[in-house]
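Undergrad: Chains E, L and Z are the protein sequences, given in the same order. Per our numbering, the first sequence runs over residues 44 to 254. Per our numbering, the second sequence runs over residues 44 to 254. Per our numbering, the third sequence runs over residues 44 to 254.
No lab work stands behind these hints, which were simulated from the structure alone. In this text the structure is predicted, and so the values were computed from the model without any measurement. Glycine is no exception: its CB is placed at the ideal position from the N, C-alpha and C atoms. Be aware that a few hints might be false.
Within a straight-line C-alpha distance of at most 25 Å, the following computed DSS-like cross-link-like pairs (lysine-lysine) qualify [unchecked claim]: (1) LYS135(Z) - LYS135(E); (2) LYS74(L) - LYS135(Z); (3) LYS74(E) - LYS74(L); (4) LYS74(L) - LYS135(L); (5) LYS74(E) - LYS135(E); (6) LYS74(Z) - LYS135(Z).
Restraint-style ranges between C-beta atoms, simulated for each label pair [claimed, not checked]: (7) GLY129(L) - GLY231(E): 35 to 43 Å; (8) PRO244(Z) - LEU53(E): 39 to 47 Å; (9) LEU114(L) - GLN195(E): 25 to 33 Å; (10) ALA134(Z) - VAL136(E): 41 to 49 Å; (11) PRO247(Z) - GLN242(E): 46 to 54 Å; (12) VAL219(L) - ALA235(E): 50 to 58 Å.
Take a look at the letters that make up each chain.
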Amino acid sequence: MLASHPAVLLGLDLLGVFAFALSGGLVAVRKGLDVFGVQVLACVTALGGGVARDVVLDVRPVGLSDWRLVLTAVLAGFVAFGYAHGVQRFAKVVLTMDALGLATFMTAGTLKALELGAPALEAVLVGLMTAVGGGMMRDVLAGVVPEVLRTQLYAIPALAGGAMLAAAHTAGVHSVAVTLGCAAFVFGVRMAALRWRWQAPHPPRPSRSPS
Amino acid sequence: MLASHPAVLLGLDLLGVFAFALSGGLVAVRKGLDVFGVQVLACVTALGGGVARDVVLDVRPVGLSDWRLVLTAVLAGFVAFGYAHGVQRFAKVVLTMDALGLATFMTAGTLKALELGAPALEAVLVGLMTAVGGGMMRDVLAGVVPEVLRTQLYAIPALAGGAMLAAAHTAGVHSVAVTLGCAAFVFGVRMAALRWRWQAPHPPRPSRSPS
Amino acid sequence: MLASHPAVLLGLDLLGVFAFALSGGLVAVRKGLDVFGVQVLACVTALGGGVARDVVLDVRPVGLSDWRLVLTAVLAGFVAFGYAHGVQRFAKVVLTMDALGLATFMTAGTLKALELGAPALEAVLVGLMTAVGGGMMRDVLAGVVPEVLRTQLYAIPALAGGAMLAAAHTAGVHSVAVTLGCAAFVFGVRMAALRWRWQAPHPPRPSRSPS
Chain E
44 MLASHPAVLL
54 GLDLLGVFAF
64 ALSGGLVAVR
74 KGLDVFGVQV
84 LACVTALGGG
94 VARDVVLDVR
104 PVGLSDWRLV
114 LTAVLAGFVA
124 FGYAHGVQRF
134 AKVVLTMDAL
144 GLATFMTAGT
154 LKALELGAPA
164 LEAVLVGLMT
174 AVGGGMMRDV
184 LAGVVPEVLR
194 TQLYAIPALA
204 GGAMLAAAHT
214 AGVHSVAVTL
224 GCAAFVFGVR
234 MAALRWRWQA
244 PHPPRPSRSP
254 S
Chain L
44 MLASHPAVLL
54 GLDLLGVFAF
64 ALSGGLVAVR
74 KGLDVFGVQV
84 LACVTALGGG
94 VARDVVLDVR
104 PVGLSDWRLV
114 LTAVLAGFVA
124 FGYAHGVQRF
134 AKVVLTMDAL
144 GLATFMTAGT
154 LKALELGAPA
164 LEAVLVGLMT
174 AVGGGMMRDV
184 LAGVVPEVLR
194 TQLYAIPALA
204 GGAMLAAAHT
214 AGVHSVAVTL
224 GCAAFVFGVR
234 MAALRWRWQA
244 PHPPRPSRSP
254 S
Chain Z
44 MLASHPAVLL
54 GLDLLGVFAF
64 ALSGGLVAVR
74 KGLDVFGVQV
84 LACVTALGGG
94 VARDVVLDVR
104 PVGLSDWRLV
114 LTAVLAGFVA
124 FGYAHGVQRF
134 AKVVLTMDAL
144 GLATFMTAGT
154 LKALELGAPA
164 LEAVLVGLMT
174 AVGGGMMRDV
184 LAGVVPEVLR
194 TQLYAIPALA
204 GGAMLAAAHT
214 AGVHSVAVTL
224 GCAAFVFGVR
234 MAALRWRWQA
244 PHPPRPSRSP
254 S
């Protein structure tokens with residue numbers, strides 16, 4: 044459980060925050076924003092999903108009060124600010140870290156909701172909000188349609204992993220192994236989707252035939 | 044009161060959720076989003092206003108925990124995904140259902156705020172947030188200026204209906220008839236605005252004369 | 044402290060609300076929105092930051108329940124609606140009032156968070172959210188990248204003023220003079236940034252030289 048392995052989960056969380064903040068900072072640099080804009084986009088991307096989760100769960104957001112999370116996001120923001128061109132050469136590293144962030148945020152968000160007594164459906168939706176909320180805020184602030192709505196298979200593996208975790212929790216299984224297994228599943232499917240360009244289905248085109 | 048006629052009000056609520064989700068899904072299809080994007084826009088449009096309401100009222104959002112609401116939104120999302128071209132031919136039906144959603148969300152939101160002890164002004168503002176919040180989120184995510192800020196008379200009848208409901212509540216009148224009457228008023232004025240293309244006033248143009 | 048000088052702080056608050064609402068209403072008029080769009084943008088700009096602050100602090104938002112704040116925002120909305128061209132001729136006045144709003148919202152937000160027991164870091168972040176949140180919502184709804192992310196030194200003086208206030212509070216200094224001093228600092232630096240066009244630094248451009 045979360046409470047019994049805080050160090051492992053904090054480590055994963057910080058890695059996710061760093062990766063998401065980096066992605067937010069890079070978007071800001073590409074948009075030509077100044078140092079404050081870069082930091083805001085870095086912090087919103089990294090912390091926004093967790094703040095939304097805590098607001099919905101009616102607890103005080105840790106994303107604003109835990110200095111380790113905030114400091115990590117700000118550090119990543121400065122990396123993006125100072126080394127955007129260097130970082131962009133390592134696009135694969137950033138995408139890998141982003142997949143890791145997706146996996147850890149999804150499982151951490153779902154778990155927190157379950158532990159606060161949320162039913163399974165709500166827990167999975169809250170997990171999803173944690174995992175994709177920050178990225179959606181980043182894209183809305185940057186003035187583009189959120190990537191998660193358009194991109195290759197991104198949220199669907201997260202949803203599946205969260206559902207597995209909620210099912211295990213409902214069945215009374217609370218081991219760290221299950222949590223890490225679900226995170227690994229999300230990460231693995233996301234990486235595979237990137238590698239083989241898996242797409243979520245698009246709406247059927249209307250037939251142009253006269254009938 | 045809400046508590047004594049839950050079936051009627053749940054029915055109206057589900058109809059509103061379905062209509063709003065359909066409108067969100069259709070916007071997503073038009074934007075060329077994939078199945079996840081369609082579902083997110085459907086759910087955000089249908090449930091976002093209610094979640095914002097509950098966050099502001101400091102209670103756990105039912106829009107995430109009540110599976111009937113979530114399932115209805117997802118169903119409407121699949122209808123939009125699979126039958127967008129069919130649905131768009133029934134634009135009038137969709138607009139009618141949207142007006143119904145506006146009416147039920149406005150009254151349900153105002154009523155919930157009043158019952159949680161909010162003063163009349165706050166209750167009406169919360170009702171408005173319930174009624175137009177989801178649509179605004181839909182348009183922000185889709186990258187357009189929210190329709191409610193530009194369109195024919197939409198929010199103004201809702202405000203009037205909410206004010207009537209709050210006035211009745213403040214005067215000690217708590218009957219279902221009043222609630223349904225206010226909802227019917229909102230619905231009727233909105234339909235009339237659509238039928239006769241009523242517009243809210245626009246700012247005065249500056250006179251170009253030299254004086 | 045806030046509680047002992049409510050009249051002074053209410054006055055500053057109302058001035059800030061008026062200034063921010065005016066800026067929101069003017070953006071709406073420029074976008075060609077109708078009277079409802081103008082009012083929504085005025086109210087969201089003036090009250091959105093405070094509502095976000097209260098949601099994060101887990102208290103009922105005063106921005107929705109205090110009729111003096113709402114009424115002031117609506118009044119400013121009507122001024123923007125009716126006299127947009129007149130107001131725009133006084134751009135300097137509007138910018139000055141906006142700087143005043145930034146200063147009062149930053150200190151009021153930080154102070155409220157501190158008094159509710161938030162640690163210093165969280166208090167400053169909440170103060171910043173109060174001060175720039177409404178303007179960011181305004182720009183997102185208007186479909187542009189938020190000005191605060193691009194503009195001349197805006198949020199950085201606010202952050203500095205909030206940090207000074209949090210430091211004084213942590214050191215046990217709770218006088219009104221400190222609060223007003225911090226607000227004056229924010230206001231002064233912001234006005235100087237406008238006067239001499241101070242910019243926050245932009246990311247380094249990549250060198251094009253072969254080395």
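Undergrad: Each of the hints needs a verdict: does it hold here or not?
TA: Verification of the supplied hints:
1. LYS135(Z) - LYS135(E): violated, 48 Å
2. LYS74(L) - LYS135(Z): violated, 40 Å
3. LYS74(E) - LYS74(L): holds, 22 Å
4. LYS74(L) - LYS135(L): holds, 21 Å
5. LYS74(E) - LYS135(E): Answer holds: LYS74(E) to LYS135(E) is near 21 Å, not above 25 Å.
6. LYS74(Z) - LYS135(Z): Satisfied, since the Cα-Cα distance of roughly 21 Å is no more than 25 Å.
7. GLY129(L) - GLY231(E): 35 to 43 Å: Cβ of GLY129(L) to Cβ of GLY231(E): about 38 Å, so the range 35 to 43 Å holds.
8. PRO244(Z) - LEU53(E): 39 to 47 Å: Given range 39 to 47 Å: violated, Cβ gap about 32 Å.
9. LEU114(L) - GLN195(E): 25 to 33 Å: holds, 27 Å
10. ALA134(Z) - VAL136(E): 41 to 49 Å: The hint (41 to 49 Å, Cβ to Cβ) holds, given that ALA134(Z) and VAL136(E) are roughly 46 Å apart.
11. PRO247(Z) - GLN242(E): 46 to 54 Å: violated, 37 Å
12. VAL219(L) - ALA235(E): 50 to 58 Å: holds, 54 Å
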